[in-house]
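**Q** Okay, here's what each chain looks like letter by letter:
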Amino acid sequence: MNDEKNTVLKIRNLTKEFKIKSGLPGSRAQVLHAVNNFSLDVYEGETLGIVGESGCGKSTLGRTLIQLIKATSGTVSYRGTDIFSLHGKKLKNLKKQMQMIFQDPYSSLDPRKTAGSLIGEPLIVHKMVSSGKEYEEKVLELMRSVGLDVQHINRYPHEFSGGQRQRINIARALSMNPALLICDEPVSALDVSIQAQILNLFNSIQKERHITYLFISHDLGVIKHVSDRIAIMYLGRLVELCNSEELYRNPLHPYTKALLSAIPPESPFEKMERIVLKGEIPSPIGDLRGCPLAGRCPYASERCSREEPALYDAGNGHKVACFLLNNNE
Amino acid sequence: MDEHLLAVQNLKTYFYTASGVVKAVDGISFELDRGKTLGIVGESGSGKSIAAKSIIRLLPVKTGKCVDGSISFEGKDVLSFNMKELNRFRGSDLSFIFQDPMTSLDPVFTVGEQMVEMLKVHHAMSSADAWNTSVESLKKVGIPDPEKRMNSYPYELSGGMCQRVIIAMAVSCRPKLVIADEPTTALDVTVQAQVLDLLKDLQKNYNTALLLITHNLGVVWEMCDKVMVMYAGRTVEYADVKTLYSDPKHPYTWGLLGSMPKLTDTSKAVLAAIPGTPPDLRLTGKCCNFYNRCPYAEEICRKEIPLLEEVTTGHFIACHRQNRTNHLEKGMVTGYE
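As given, the protein sequences belong to chains A and B, one line each in that order.
Under numbering that gives the first Met the number 0, the first residue of the first sequence is numbered 0, with each subsequent residue one higher.
Under numbering that gives the first Met the number 0, the first residue of the second sequence is numbered 0, with each subsequent residue one higher.
Source of the hints: derived by calculation from the structure; they are not laboratory data.
Everything numeric in this text was worked out from a predicted model, so none of it was measured.
One should not assume that every hint holds.
[As the list claims (entries may be wrong)] Computed footprint of chain B on chain A, listed as stretches where at least three residues anywhere in the stretch have a Cβ under 8 Å from a Cβ of chain B: (1) 195 to 207; (2) 225 to 232; (3) 237 to 249; (4) 268 to 276.
Ideal placement from N, C-alpha and C gives every residue a C-beta, glycine not left out.
Build the full structure now, drawing on both the sequences and the hints.
**A** Written as structure tokens, this is what we have:
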């Protein structure tokens with residue numbers, strides 16, 4: 000890989016906070032830190048996998064990026080333009096470039112529209128076609144490219160299986176010819192045999208169209224399979240970022256090590272040593288001082304509960320936020 | 000017969016719905032011994048949960064019915080139990096762990112009330128004894144501050160905690176058999192690892208048999224002695240885990256193993272996905288249920304149901320091609336693209 004890669008998406012200090020009210024009279028609103036000071040570069044043509052346990056803010060991150068929810072602070076620039084400053088027509092044009100695929104293929108499709116009109120709708124909204132004939136050709140082509148039977152063009156979502164619905168979602172996203180596709184757990188609602196079909200489809204689409212993927216998942220096997228680089232999130236923060244091969248060969252952050260060792264074995268012959276983290280993920284509500292892992296980490300020192308470690312470059316683009324590796328700061 | 004704790008013979012569970020008869024479980028057989036673990040794997044809709052619910056007879060009264068086969072527990076016929084025997088069986092001989100920990104506890108009672116009630120009913124304990132036993136078992140499953148947690152409502156606990164409470168309830172009755180239906184599917188991997196370790200410990204301490212239903216082969220490799228692969232209501236392969244992993248014989252098992260993305264694979268390799276989707280269970284019947292997705296399907300697969308036959312000792316498969324698959328190796332499955 001060359002060092003001078005084109006950056007498609009530059010995320011700097013992105014923070015998203017939600018205010019939570021308990022509903023009791025006189026109670027003060029609390030702050031939930033979903034994404035906390037998150038910085039990341041996404042390069043052209045790569046698949047960046049984002050992995051973390053539930054509640055770590057990975058979906059919020061995806062939704063903030065395509066501005067389904069408004070970020071509290073921080074900037075995101077897409078090929079040099081600050082996307083949070085865009086309005087109206089410019090924003091609409093940007094959304095053509097960035098598309099999203101959601102987790103649940105059952106609730107993300109309008110049940111009253113047919114497969115054909117679901118796939119073709121974005122073409123009309125964004126005025127991408129000039130004639131009815133062109134529209135029809137485009138829809139059929141999209142259906143073929145994601146492996147849907149063109150005879151099913153007039154079927155409704157409930158007549159399709161989960162895997163086929165996810166194919167409709169993919170075709171819908173592809174209709175805009177996006178440069179960046181944010182996939183939020185696109186295969187976690189599917190069975191393994193169907194999941195494998197969809198993962199293969201994602202790979203072949205990327206080969207054909209050179210789309211950049213931001214692939215969000217909680218399944219390390221899936222993430223490893225699709226990604227070039229992997230970002231590990233914990234409690235809204237980026238704790239480790241590196242090449243996918245490197246991550247499995249040489250994980251540095253204690254959380255990553257524990258996460259990897261918690262994966263069930265790949266064969267009955269494999270005996271594994273487990274690094275067990277005590278307790279559970281702390282609540283993202285309220286202010287947290289120090290390293291987010293401090294309370295569970297077997298190597299935690301006194302410093303960890305006082306300061307939050309910054310991302311440290313361990314060489315070769317391998318970044319990790321842990322004092323263990325960066326003592327001399 | 001009494002050498003096995005649980006023996007299921009040719010069990011068939013059908014659902015009689017307005018749109019036809021759904022053959023959810025269509026002839027499965029297995030045995031489970033004391034202290035052992037049997038895994039049932041399959042995709043959603045393959046009938047694995049219905050098989051488990053048939054064993055504890057938790058089927059919907061009006062539509063679901065075990066039409067054929069037998070279930071015997073310690074030599075007794077479960078299907079002929081009356082209400083009283085059934086309650087005993089469900090309460091003290093067997094425990095069931097459901098998939099969703101958040102909904103399997105009653106939200107309007109505290110954890111303590113639910114645990115105490117169960118012990119009083121099934122073990123005729125006094126309230127004070129039951130309370131102490133419950134605290135003890137909460138401590139055993141690693142819940143911090145068990146006395147305080149006894150007064151918590153389920154919504155105050157996280158998913159992992161709830162699953163621990165359910166496991167604590169399951170073991171406080173010292174059952175001979177625990178049926179766990181996707182016990183870790185709703186949990187994160189680190190919590191999943193904790194829960195699996197817990198189940199292993201309990202099994203070791205009490206010599207409990209475990210029937211583990213899951214779609215995650217990794218969990219099977221870690222936990223089970225034997226594994227049964229189900230597809231569209233039928234057993235397609237049944238063997239001990241090491242045999243199944245190193246020498247799978249059924250094309251569906253090949254596909255299932257190939258579909259799993261592995262950490263040791265190089266990134267972006269093509270997965271051996273199985274083409275197509277599982278069949279409609281109303282329409283299955285007089286053929287091999289896998290024939291429309293199988294790369295080796297022949298004329299006979301469309302006409303006859305393959306019987307489950309023993310190919311080597313303890314290794315059963317249901318495939319018409321069983322004698323001809325020997326020259327094919329697992330890595331040579333080229334039909335899957």
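**Q** If a hint holds in the structure, say so; if it does not, say that too.
**A** Tested hints:
no.: 1; hint: 195 to 207; result: holds (count 5)
no.: 2; hint: 225 to 232; result: holds (count 3)
no.: 3; hint: 237 to 249; result: holds (count 3)
no.: 4; hint: 268 to 276; result: holds (count 5)
Consistency with the previously given hints is maintained throughout, with no hint failing.
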